[in-house]
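Visitor: Take a look at the letters that make up each chain.
Number of protein chains: 2
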Amino acid sequence: MTKYVYLFREADGKDKAKFGGKGANLAEMTKLGMPVPPGFTITTEACTKYYDDGEKIAPEIIDEIFAQLQILENESGKKFGDAEDPFLVSVRSGARASMPGMMDTILNLGLNDVSVKGLAELTGNPRFAYDCYRRFIQMYSDVVTGVEKANFERFIDEVKERKGVKLDTELTAEDLQELIAMFKKYYFENVGKEFPQDPKEQLIGAIKAVFRSWNNDRAIVYRRMNDIPSSWGTAVNVQSMVFGNMGDTSGTGVAFTRNPTNGEKKLYGEFLMNAQGEDVVAGIRTPSSIDKLKEINPAVYDQFLDICNRLENYFHDMQDMEFTIERGKLFMLQTRSGKRTALAAINIAVDLVKEGLCTEEEALLKVEPKQLDDLLHPTFDKAVLKKTKAIAEGLPASPGAASGKICFTADEAKERVKKGEKVVLVRIETSPEDIEGMQVSEGILTARGGLTSHAAVVARGMGACCVCGCGAVEIDEANGICVIAGKKYTQQDVISLDGSTGKVYEGSIPMVDADTSGNFATIMGWANKYKKLLVRANADNPHDAAVAYEFGAQGVGLCRTEHMFFAEERIPAVREMIVASTLEQRKAALAKILPMQREDFIGIYKALKGYPVTIRFLDPPLHEFLPSKEEDIRALAKDMGISFEQLNETVHSLHEMNPMLGHRGCRLAITYPEIAEMQTRAVIEAAIEVNKEGGKVKAEIMIPLVGDVKELAYVKKVVVDTAEAVMAEKGVKVEYMVGTMIEIPRAAITADKIAKEAEFFSFGTNDLTQMTFGFSRDDAGKFLGDYYKKKIFESDPFARLDQEGVGELVKIAVAKGKATRPNIKLGICGEHGGDPSTIEFCHNVGLNYVSCSPFRVPIAILAAAHAAIKNK
Amino acid sequence: MTKYVYLFREADGKDKAKFGGKGANLAEMTKLGMPVPPGFTITTEACTKYYDDGEKIAPEIIDEIFAQLQILENESGKKFGDAEDPFLVSVRSGARASMPGMMDTILNLGLNDVSVKGLAELTGNPRFAYDCYRRFIQMYSDVVTGVEKANFERFIDEVKERKGVKLDTELTAEDLQELIAMFKKYYFENVGKEFPQDPKEQLIGAIKAVFRSWNNDRAIVYRRMNDIPSSWGTAVNVQSMVFGNMGDTSGTGVAFTRNPTNGEKKLYGEFLMNAQGEDVVAGIRTPSSIDKLKEINPAVYDQFLDICNRLENYFHDMQDMEFTIERGKLFMLQTRSGKRTALAAINIAVDLVKEGLCTEEEALLKVEPKQLDDLLHPTFDKAVLKKTKAIAEGLPASPGAASGKICFTADEAKERVKKGEKVVLVRIETSPEDIEGMQVSEGILTARGGLTSHAAVVARGMGACCVCGCGAVEIDEANGICVIAGKKYTQQDVISLDGSTGKVYEGSIPMVDADTSGNFATIMGWANKYKKLLVRANADNPHDAAVAYEFGAQGVGLCRTEHMFFAEERIPAVREMIVASTLEQRKAALAKILPMQREDFIGIYKALKGYPVTIRFLDPPLHEFLPSKEEDIRALAKDMGISFEQLNETVHSLHEMNPMLGHRGCRLAITYPEIAEMQTRAVIEAAIEVNKEGGKVKAEIMIPLVGDVKELAYVKKVVVDTAEAVMAEKGVKVEYMVGTMIEIPRAAITADKIAKEAEFFSFGTNDLTQMTFGFSRDDAGKFLGDYYKKKIFESDPFARLDQEGVGELVKIAVAKGKATRPNIKLGICGEHGGDPSTIEFCHNVGLNYVSCSPFRVPIAILAAAHAAIKNK
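Those sequence lines, one after another, are chains R and B. At position 210 of the first sequence (counting the first as 1) the number is 210 in this note's numbering, and the numbers step up by one without a gap. At position 625 of the second sequence (counting the first as 1) the number is 625 in this note's numbering, and the numbers step up by one without a gap.
Bear in mind the hints are in silico, worked out from the structure with no lab data behind them. Among the clues, some could well be false.
What the hints assert, rightly or not - Here are the simulated lysine-lysine pairs, BS3-like style, with alpha carbons at most 27 Å apart:
1) Lys166/R x Lys193/R
2) Lys782/R x Lys753/B
3) Lys710/B x Lys56/R
4) Lys790/R x Lys710/B
5) Lys753/R x Lys49/B
6) Lys811/B x Lys753/R
7) Lys587/B x Lys789/R
8) Lys710/B x Lys18/R
9) Lys14/B x Lys366/B
10) Lys587/R x Lys782/B
11) Lys753/R x Lys789/B
12) Lys717/R x Lys56/B
13) Lys717/R x Lys790/B
All chains should be modelled from the sequences, with the hints used to inform the complete structure.
Guide: Now the structure itself:
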C-alpha cells in the first residue's frame, strides 16, 4: 500500500518530487538536528490522487493523516482541540518547484471558541490567544471558503478607529474578542454556515484547500510562465505551531544567506518581534534589519548565523529561510534556495565556486538562463519603478526598457529621430514595411498581436524593447492621438515601456545599463566549456550578424533574405520583379536586386569571421511586398509608372485565402527559378569576394517549406547549376552546402527521402508548430485564452516547443534523416531556438546547433550548458 | 549482368512490368504459335536506366540491340540497310499499363534512298516502296525530331491537287518520289541536317524517341489521370515489318473480340485493304467492317476468328487486336485487353462468368471502379457529342450531364426553377449560401476553384453535374451576361455541361439516362460479397441519406451539421447566435436551432434504417455564416434589427488571417460549449424519438479538428453530461459513441493518447492533406500546375491520398490508436474515401470503413472488392 503521509524525520529530503521543496528541506533540517517544530508531509502523490479521485481525499489517506497527527500529539503532550492545552498546527503548501506566494498557508489551526480560552489561560496571555484565533479565522476563511482576507481588515480598521489606536498590537484581548465575534458573523453571512469548531474538520478543510490552490488562477499562470507541469501537484506540510506573537521575547522573520539583489556574501533579512509570519510582509509595522537581532537576542542571532552557514554548506547554495522565535527560543520553519536577481545569480555562482562550495557545473545550474535577459538589456531603476504605477499592461514581447515620445508611423519615427528626438513607436500592429522605423525607435508598443506577432519577432531580433497586444491602447492616427486606459496622449507625450513585464508607464523613468562584464563573462566562459550544442544566431543583416558574433554566436543559423527585400531603396526593384509579365522583365528586375543582396552577404560573412552562415531563400508570399488598399495601390502604380489596373490585377491575382498555406517558400522558386538563380549568384559571388580578402566563407543555402524531396531536388539543381556556373566564371571554388528547413509535417515524415538531397536540416519550428497543430499564430490568439483557462494547454506552443507532438515529428525527422545520411547537420532556427526547455530537448535529440535572436545567444549558451550538465 | 533485350520467344509473357503490355502479349502470342512477325523487346528497365543515365542509352544495351537484330536478320535472310533486300522494322512503345495513343510508333524503319530502290525492285511494286519511304520520313520526323507529321500533309495535298486526284492510293510511284524529295528538303530546313540514311542511326534515334515519349506532356497527363507512376517507364518493341500496303491482297485492321460499347459477344472491328496501320484511323478512306473480310478472304477471316477465340480463352478477357495481311497472309501485331465503356465492362464481366471463362472475383477486377460513374449519372448521347465542339473546358468536378439556361445567382436559380425553367448555375465560385440554388440547378459551372473547391465537393455530394475552374468564363453578373471564349451569352441562352470531361457546350444536347439495373446489380452483389471494408456515405440531410442507402451505403460516415445551418429558414437563428453578446442570448438562439437539427437527425436516422450515423459537430469558422461586404452587412443588420456598427464589429472580430488555421472545429465547442450541448441534445432527442417508433439508432458523435486529447476530453465531457441529462429527462437510454476526426497531424502523432478518449477515429484526409503538405486546397491551384509540369507531383494529393506522407500519418495513427484501444473503430471520411487507390490503401491499413459521397458508393464498393481480391 502506498504511504502518503510522512513525519519530517521519516521523509527523504532528496525527493522533492514526492515531498515538495518545503517538505524535503524540513526533512533535511530535521535530520541535521536543527530546531524544526515537528510535523508531517502529505505527499504530492496524495494531491495527484485527490484530483484523480474527483477532488476527494481518500479515506485511507485521512486515516494516515490522523495517525501521524496522533504521534505529534503524543510527543508534544498536547491534544488537538483540547480545551485546556490545545495542539495547534500550521498547514502549508509545498510544490516540487518553488512557487512563492502562489499557494496558500493557514496558521493556528486547531483553535475554536473553547480551546482559545485554554490557550489564553495556559499562556497567561489572552491577547496572544485571541490574536491567534482572529488570524486563524481570517486565513481559514480566505483559503478554504474564498471569503477574502481583506474583507476582514475593515472590521479591524473600524475597531482601531473606535479605540483611537494605530497598530494591531495596540488592540487589547477584549478588542480582539469583539473582532472575533464580528469575523464569525461575517463568516456566517457569507459562507452560509457557522465557522467550524471541530479541529479535524478544520484540518481536512485546510488540506483540501491547499490541494485546490494548486489549480488556482495565479498558480496556473505561474506554472505556464515557469514551465512547471500541472501533473506535479503540491505536497502539504502540517507542522506544530510555534508562536512569534507570544510577546516581546517572541518574533518572526525571513532571511537570505546572501544578498539576493547583488549576491554579496552577508546575511540579509528582516524580522518583527511579537508578530506572526504574515505581519512581516504586510507592511503595517516596519520590520527591523536582521542585524538588529544581534542586539535583541545575541544568542539566538549567533545560533541563527550558525544554522545559516551550515545550511549553505549543506545545500551548496544561497538559502532563503523563515524562522520564528518563541519566548526566546529559535525555530526554523523553512529553508530553500533563494530567488535572486540575475546579477546576484551570477555573482553568487562565481563566489560559490571560489569558496569551494560547488563545482563550475553545479554553479552554472544555479543561474536561470532566462534571467540573463535582465543583464543583456537596459532596465528601469527598480527603486523608481516600485513607486510608479503602470497605465497599461501588454505582453512582454521583447525585453529591455524604453522611454520616448509617442510616434504613430514608421516614417514619422525616422524623421523625428533624424531631428534628434527619442521616440516610442505606437501602432495597432506592425508590418514588414515598418522595419526601419522600428529600428530607430527606442521601443515598440502594439495594440494587437501575440508573442510571435511581427512586432515581437522583429523586435527580439533587433534586441529592441517591445510590448505588444496591449488592448488598452486605442490609436487615432488621423488625429495624432492615442487613448490609453481612458487618458488622451499626443505625439509630444513621453511614455515608457518595460519589455520584460509588458508594463507601460507615463513619462520617462531612469534606466540602468546592461552589464555583461566581470562575472557574466566568467559564467559564459564556463557555459561554453560544458555545452555540447553549438549556438548560432538568426541575423538578416551585417549589423545583427556583428551583434551575434559579439554575444558569442558560432554562426548564423537563419538569414532571412526577404528581410533584405523590404529596405526602402530595394523594394521598388522587388515590386518590379513581381509585376513583371515576362521572364525577361523579371530577370531585369532581379539583376537590380543582385548587387544589393551580394553586398549584404559580404557584410554578414565578414561579421561572422569564418563561422557558417545559413541563408534561407525567399520565403514569404509575394503579396506581402505589395499594398492591399486601393489608395495605396493607386499611389504605387503612379510611382512605378504603370496603370492602376495592371497593378491592381497583380495584387488580386496574388490574393490568397490562407497565405500561410499558399504560394511561398520553395514553391516560389519552383514557379520562378530565376529568383533562386539570382540568390545563388549573390551567395556565391559574395563568398568569392570575401575569400579573396582571406575569408573562409561557409555558405549554407537553405530551401524553405519543402514537403517533398522532389521540390528540393528541383530547386537544388537550379542552385547547384548556378553555383557551378558562377565558380566557373570566376575560376575559383567556394565551400557551400544545400539543405532545407524541416517545417512541414510531410517533410518530417519523409525525412529519409529528403535527406537524399539535403546536406543539412534546420527545423523551422514556427511553421512546423502551426502545421502540426493546424492553427496559425496570427489566429490562435482568439482561442488560446480559453485553452489556458480550461487547462487544455499549459504553455504557449509558439514559445515552448510542444515536445509531445511537434517534438515527436522532430525526433522522427532526426532518426530518418540520419538513417539516410549519418553525418547530416541538424539545427533548429524557429523562435523556440532561444527557449531553454526547447534547447534541452534539442540537446537530447541530438541536434548540432540551435539558432536564436542575437540577444538571446548568451541565454541559449547557458541553457545548452545546463542541458549538457543535466543529461550527462 | 542485366539482360535488357529479349526476343519475343525468350520473353516472359506474364511479366508486364518488365516487357510492357504489348511486349508481354507478343511473347504470349509467339509462344501460342500464332503468326507474329519476329522481333524483340527492349525492357522497361532499359528505359529507367536511360533516364538514370541522363537520357543516354548505355553502350552495352546498344550492343545487345544489334546482337538481337542480327538474329532476326539471319532468320529472315535479309540485311538491315541492304541495298537489294533491306530488313525493315517497326519500333513501338509498350508500357506496363495500356496508354493508348499516348506514345509513339515508327513503321518501315531501315529504308533510305538506296534500299527503297531495292525494295521497289524486289517487290516489283515501286509505288509500295516509295509509299513506305514517305510514311517513314513523316513518322520519323514527327517522333524523333518533333517536326509534326501534319506539316507534311500539305505537300501531299498540293501534289494531289496538282494531279487532280482525291485519294493517297491514287498517287503514283513518281508522285511519291516527288513527295519524298519535298519531305527531305522540308526535313533539312527544319531539323538543320539531312534525313539520316544509316539504318542503325535511325533505329537508335527511334528507340530514344520512344523512351523520351514516356515523358511527353500527354503521357504525363494520362498517367496522372490514371494513377500510373512515372517510375514504371516504357518498353520498346522492335519487330520485322509486314506490309498491309503491298497491293490489293494486303491490308490492315483492328478488331475487338466483343463489342466495346455494349459488350455484345460478337467480333467487332474494321480494316482497310492496301493500307498501313495509320490509314485505318486517319479517316481519309472509310474502313470496312470486319465482317466484309469474310467475303474478301474467307480463309484469313476464319483463321483470324480462330485466333480471336483462342486469345479470349487464353487471357480470359475481351481482346483488342491489330493485324496485318501481307499478300494474303495473316500476321498478328498486337493483342491486349480491350478498353470498353462502363456498360460493356459490366456486361462482359457478367458474361465471362456465365461462359465459365473466369470467376466472379476475376470478373470484378475487369470492371474499373471509376468507370461506374458513367452508369450512375445521365450522360450526353455520344453520337451527338462527337459532332459537337466544346466552347470551353474546365475541370471535370462532378460527373453527369446538364443542359439549361444560364443563371448567375443561387436566388435567381431558385426563382426561375420554381417557374418551371431548367437552369445551369454559372458563378465565379460558390459559397455555402448557394447550396439551395445549386440543389435546384441542372448543373453548376464555376470560373474558379479546383476539384476540391466548394462547388466541386458539394456537387459531388448531391450527385449534381459540375464543371469548375473554367477560366474561359468571364461573368458580368451586373449586366446579366457572361462571355465564354469571346462570345457573349445572356440568361436566356442554353448551355450544356459534361461533368465527366469538364467540357462546356452551347445549346442543349440529348441525354441518355443512368442505368443501374440488370448486370450492374449483379456486379454490385458480387462486390458486396467479396469486399471487407464497409462503405458508408457522406450525407448531410435526409434526402442524401436516402440516396446513399439506395446505392448500398452501410451507414453515414460524415454528416456535416453545419450544412443544416445554412438553409434559408435557419441561418437567421445561426446569425443571432453568432452576434449574441451574452451566454443567455446565445442559448436563446441555439434553442431556435435545436428543433430543426433534431428534425434532420430524425430524417437521417430513419433513412439509414439502423445503420450507424456519424455526426460531426459544427466545424467551420463562424464568419462563414456572415457576409463580408459592407453593403451586405448593412442589409443584414437591418434584417436582424441591430445596428450596422454592432454587426460590423462582429464581422471584424471574426476576421481571420488564415481561416483554415483559425477558430473552428472543436475550438468552437471549447469557446462555446453551449453549441455542443445543443447539438448533443438534438442527436440524442432525435434518437429517442426514432427508437420510440421501433428504430435502432446508432449515433456516433464526432468532434472535429482535435489536436490534443485534452481538447477531446473537454468537449466529450460536455457531450456525455448532456446526453446523460437528456436520457435521464426522457427516462430511456440510446446507443451512442463519442469519437474524433483525425485531421490534424498532431492528432495522428498523439493518437495513442487521443484513443484514451475517442471511441472511434475517422480520418479527415482533406484537412490532414492540407496540414501535412502545408498548403490549402484553395490556394494550391496557383502552383500545382507548375508542380505537374515539372514532374514534382504526379497526382493531385486532394484527389488521391498521398500514401508516402499523409498515408504514413494514417498508419501511425492506426497503430497508436489500436495500441491504446484494440477495438477502436476506424474510418475515413475525406474526399479520398471515394478514390479507388485510396480505398485499397484503407483496406491494407486495416480501416473498418470508407465514407464517400452517395453517388460514389457503388464505386467505393467495387473498389473495396478489388482491394480485398488483390490483397487476399
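Visitor: Now look at each hint and say whether the structure bears it out.
Guide: Structure-based check of each hint:
A threshold of 27 Å between alpha carbons decides the hint, and for Lys166/R with Lys193/R the separation of about 32 Å lies outside it, so the pair is violated. A C-alpha spacing of about 26 Å is found between Lys782/R and Lys753/B, which places the hinted pair at or below 27 Å, so the restraint holds. Our distance criterion of 27 Å between C-alpha atoms is met by Lys710/B and Lys56/R, whose separation comes to about 22 Å. A hinted pair counts as satisfied when its Cα atoms are at most 27 Å apart, and Lys790/R with Lys710/B qualifies at roughly 9 Å.
This hinted pair checks out: Lys753/R and Lys49/B have alpha carbons roughly 20 Å apart, not beyond 27 Å. For the hint pairing Lys811/B with Lys753/R, the CA-to-CA distance comes to about 18 Å; that is within 27 Å, so the pair holds. Distance check on the hinted pair: Lys587/B and Lys789/R sit about 21 Å apart at the alpha-carbon level, within 27 Å; holds. A hinted pair counts as satisfied when its Cα atoms are at most 27 Å apart, and Lys710/B with Lys18/R qualifies at roughly 25 Å.
About 17 Å separates the Cα atoms of Lys14/B and Lys366/B, which keeps this hinted pair within 27 Å; it holds. For the hint pairing Lys587/R with Lys782/B, the CA-to-CA distance comes to about 21 Å; that is within 27 Å, so the pair holds. Distance restraint check for Lys753/R and Lys789/B: the Cα-Cα separation of roughly 21 Å lies within the 27 Å cut-off, and the hinted pair is therefore satisfied. Under the criterion of a C-alpha separation no larger than 27 Å, the hint pairing Lys717/R with Lys56/B is consistent with the structure, at around 19 Å.
Between Lys717/R and Lys790/B the alpha-carbon distance is near 12 Å, which keeps this suggested pair within the 27 Å criterion.
Violated hint: 1 only; the structure is consistent with all others.
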